[in-house]
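Participant: Sequence:
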Amino acid sequence: MTRPSPARTRTDAAGGKSRPDRPPATSAPSERAGGPHRRRTWTWSSAGTGAVFVLPTLTIFTAMVLAPILWTLYTGMTDERATRPDTSFVGLDNYGFLLGNEEFRHSLWNTVVITVIVVLLTNLLGLAIALLLRRPGRLYSLLRSVYFTPVILSAVVVSVIGRSILADDGLLNSALVSLGVEHPPGWLTDPSYAIYSVSGIMVWQLLGFAVVVYLAGLAGIPAELDEAASLDGAGPWQQFRAITWPLLAPALTINTVMLMISSFKVYDQIAVLTNGGPGTDGTATVAFAVIRTAFSEQRPGVASAMAGIMLVVVSVASVTVLRLLQRREVNL
1 MTRPSPARTR TDAAGGKSRP DRPPATSAPS ERAGGPHRRR TWTWSSAGTG AVFVLPTLTI
61 FTAMVLAPIL WTLYTGMTDE RATRPDTSFV GLDNYGFLLG NEEFRHSLWN TVVITVIVVL
121 LTNLLGLAIA LLLRRPGRLY SLLRSVYFTP VILSAVVVSV IGRSILADDG LLNSALVSLG
181 VEHPPGWLTD PSYAIYSVSG IMVWQLLGFA VVVYLAGLAG IPAELDEAAS LDGAGPWQQF
241 RAITWPLLAP ALTINTVMLM ISSFKVYDQI AVLTNGGPGT DGTATVAFAV IRTAFSEQRP
301 GVASAMAGIM LVVVSVASVT VLRLLQRREV NL
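Numbering (the numbering used here), first residue to last: 1 to 332.
Hints listed in this document are in silico derivations from the structure and should not be mistaken for laboratory results.
Computed from a predicted structure; not experimentally measured.
Heads up, some of the hints might be wrong.
Claimed, not checked - Cβ-Cβ distance ranges computed for the label pairs, FRET-style:
| id | residue 1 | residue 2 | range |
| --- | --- | --- | --- |
| 1 | S318 | T49 | 34 to 44 Å |
| 2 | I60 | F295 | 21 to 31 Å |
| 3 | R135 | Q298 | 22 to 32 Å |
| 4 | G50 | P191 | 54 to 64 Å |
| 5 | L120 | T49 | 23 to 33 Å |
| 6 | R105 | A223 | 28 to 38 Å |
| 7 | G277 | H183 | 14 to 24 Å |
| 8 | I60 | S145 | 29 to 39 Å |
| 9 | T49 | L142 | 33 to 43 Å |
| 10 | S230 | V65 | 18 to 28 Å |
As the list claims (entries may be wrong) - Cut-off 20 Å, straight-line C-alpha distance, at most; resulting in silico cross-link-like pairs (SDA-like, lysine to any residue):
| id | residue 1 | residue 2 |
| --- | --- | --- |
| 11 | K265 | A234 |
| 12 | K265 | Y140 |
| 13 | K265 | E227 |
| 14 | K265 | V112 |
| 15 | K265 | A155 |
| 16 | K265 | L120 |
| 17 | K265 | V319 |
| 18 | K265 | N173 |
| 19 | K265 | T320 |
| 20 | K265 | L322 |
| 21 | K265 | L247 |
| 22 | K265 | W204 |
| 23 | K265 | V181 |
| 24 | K265 | W109 |
| 25 | K265 | G308 |
| 26 | K265 | V65 |
| 27 | K265 | V90 |
In this text, a Cβ means the ideal position worked out from N, Cα and C, and glycines have one as well.
All chains, full assembly: derive it from the sequences and hints.
Facilitator: Here is the structure:
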């Protein structure tokens, strides 16, 4: 028989006694590591539970968004008129008519001009005001509320206020006359100024939204970054260019896309300020042309074709701009 080897001992430093070494501690195997893995199986009951939560949202989306879009696209390929009961399918004839129609092309151009002006000016002014109002204090809180007030008002109310200022006998021209200007411009009646006046009213209404978004972006920038840059000798402009502006990329994306959508569907401001004038279609946009064609001219088929073209333009422009701005965020 073999004798078991004696356990190795070590000398206690305090008393000189020897004691056996303890065996190394081993961790108990965990149940998750050693136990069998249970695979989640698909059952009809689990699918039914998921459908219960998804079905209401899907139903509302279909009824409120998808069905109207499909019906509009179908109506745009008919010659439907409100004064005629019979309707026939005409295919793409309405779209061909609109693409060759000078009034529609002019309304599309007006929409693009207003969108470019509103997006650029609102982003620029919103960022500048947000940088000025980022400081804490009651005065700055009051100013933030003042700038946001037009956002919570309806477009009609803002447009009525704007018309009282920009009309031929409004506050602005009265002030110019008191300063010695004999023939002040017609801000809403002169084709050279009308579209820019409408764009200015829209910038005034949407400016508060852009300011709030940029303030939220500025609040998410750690103050330690600016402090470290200051210690390294960076000036205010260098800090803005190297730190603030790159970190505001998500805020810029949100503002640009939302401002584009709001500008493309502008109608209330046009109806209140100029009613599509001056002239025949001085400031008419696609949304204004759709309403006028559908209700005043009673041609729902052509109006639906206009809406279909606008849907394509807005979708392509929004997706393109969104991808470009998101690519900029990734590169930063």
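Participant: Hints first: check each against the structure and report whether it holds.
Facilitator: Status of the hints after comparison with the structure:
no., hint, in the structure
1, S318 - T49: 34 to 44 Å, "holds, 35 Å"
2, I60 - F295: 21 to 31 Å, "holds, 27 Å"
3, R135 - Q298: 22 to 32 Å, "violated, 56 Å"
4, G50 - P191: 54 to 64 Å, "holds, 57 Å"
5, L120 - T49: 23 to 33 Å, "violated, 49 Å"
6, R105 - A223: 28 to 38 Å, "violated, 51 Å"
7, G277 - H183: 14 to 24 Å, "holds, 20 Å"
8, I60 - S145: 29 to 39 Å, "holds, 34 Å"
9, T49 - L142: 33 to 43 Å, "violated, 50 Å"
10, S230 - V65: 18 to 28 Å, "violated, 50 Å"
11, K265 - A234, "violated, 43 Å"
12, K265 - Y140, "violated, 32 Å"
13, K265 - E227, "violated, 43 Å"
14, K265 - V112, "holds, 11 Å"
15, K265 - A155, "holds, 12 Å"
16, K265 - L120, "holds, 17 Å"
17, K265 - V319, "holds, 16 Å"
18, K265 - N173, "violated, 29 Å"
19, K265 - T320, "holds, 18 Å"
20, K265 - L322, "holds, 18 Å"
21, K265 - L247, "violated, 30 Å"
22, K265 - W204, "holds, 17 Å"
23, K265 - V181, "violated, 36 Å"
24, K265 - W109, "holds, 13 Å"
25, K265 - G308, "holds, 13 Å"
26, K265 - V65, "holds, 16 Å"
27, K265 - V90, "violated, 27 Å"
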